[in-house]
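Trainee: Based on the sequences and whatever the hints tell you, model everything.
2 protein chains.
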Amino acid sequence: MDASPHDAAAPRRRGRPSRTQTEAAPATRDRILDAAREEFSERGYEKTSVRGIAKAAGVDSALVHHYFGTKEQVFAAAIEVAFAPALAAPAAVDGPIDGVGERLTRFMFGIWENPTTRSPLLAILRSAFNNEAAATVFRRLLVAQLLRRIAQQLDLPDAELRAELAAAQLVGVAMLRYVIKLEPLASADVERIIERVAPVVQGHLTGS
Amino acid sequence: MDASPHDAAAPRRRGRPSRTQTEAAPATRDRILDAAREEFSERGYEKTSVRGIAKAAGVDSALVHHYFGTKEQVFAAAIEVAFAPALAAPAAVDGPIDGVGERLTRFMFGIWENPTTRSPLLAILRSAFNNEAAATVFRRLLVAQLLRRIAQQLDLPDAELRAELAAAQLVGVAMLRYVIKLEPLASADVERIIERVAPVVQGHLTGS
Chain A
36 MDASPHDAAA PRRRGRPSRT QTEAAPATRD RILDAAREEF SERGYEKTSV
86 RGIAKAAGVD SALVHHYFGT KEQVFAAAIE VAFAPALAAP AAVDGPIDGV
136 GERLTRFMFG IWENPTTRSP LLAILRSAFN NEAAATVFRR LLVAQLLRRI
186 AQQLDLPDAE LRAELAAAQL VGVAMLRYVI KLEPLASADV ERIIERVAPV
236 VQGHLTGS
Chain B
36 MDASPHDAAA PRRRGRPSRT QTEAAPATRD RILDAAREEF SERGYEKTSV
86 RGIAKAAGVD SALVHHYFGT KEQVFAAAIE VAFAPALAAP AAVDGPIDGV
136 GERLTRFMFG IWENPTTRSP LLAILRSAFN NEAAATVFRR LLVAQLLRRI
186 AQQLDLPDAE LRAELAAAQL VGVAMLRYVI KLEPLASADV ERIIERVAPV
236 VQGHLTGS
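Protein chains in written order, with the working numbering: chain A, 36 to 243; chain B, 36 to 243.
Since the list gives no way to pick one copy over another, a pair counts as held whenever it fits inside one copy or between any two copies.
Listed below are the simulated EDC-like cross-link pairs for lysine to aspartate or glutamate, each with C-alpha atoms no more than 20 Å apart in a straight line:
1) 82 with 167
2) 90 with 107
3) 216 with 77
4) 216 with 195
5) 216 with 193
It should be emphasised that the hints constitute simulated quantities derived from the structure, not laboratory data. The structure displayed is predicted, hence computed values, not measured ones.
Mentor: In structure tokens:
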């Protein structure tokens, strides 16, 4: 335990100045979330423990429980942070209907091409792939925060299935390009990929 | 260690009659492979050990090394078994060019809709997603055994990128339908999905 928030005199990570517990609360919460994302990302859902997260954040386990609850709830909170950049995706559906495929595709690659926003998303995808509880949390968030909203914006028959098939194309490219790193896909210019993927997303979302 | 192949009198798993080591060799090799697939599938690549595989197969670790070599080599062998049903995919490219999307899509869903052939493939995908060494083995096999062959059959400019984008759509649907289990995709009739995915695969493979 490097620093307990109950012990303002203890050394803190990242050279933050020591404060009283009340003042430090938001910073401590963020530090726990950062630690959680890293732990889930490095160890996967199953091998990560609340205790390990607390240790990495330099706080007591009780404080992790206090801010977030169970491990599943810490995971859900970490997912929401990782998902935050993607939450604007439904807005990309707004505008002329025949440009929706390109807008959405461009928006997603904007997130994925930037390692800062890509890494947390891939970490979640990995966890969701390997653990039933993590998959449930991921599914709930993906559906509620993204796919259902996109489907509502579309307002077409089968809109949910359409949104999921479009997501399948996008997620599939992300997996093969950034995780499995298939060549030539992994090194291809992103504009070349957008050019080929955008019409597919358009077709799934609005085609006959 | 339940049964060592060096000890023909020891009880064997699955009620197989005891034989001399020479006679038992192919069965032992298969039993090790079965155990390896189960271990990799349940524990993931990192947590699986040659010792654990040997224990599950009821043999000595030395025998696993004798038949397969390192853990990475056992993994490669297990992948090849799981991949075997998919190896006929390039043959689906044969025939009239305007039906290639449907033939390939139908072929892949034929494998995925059957739990016996689906489970080993998903187990591999999980491992490849979580470990760099496993991803490398998977990538090598996927490229050499499937994508490059499909690309060669196509004989078009950018054939490799085309094959990878088609694979991205298929793999993405498999992930969201069978692993994340998004609804309505997970419960949708497979024919309805093929109807929407086949034209995309066709477009990637042969479109302008």
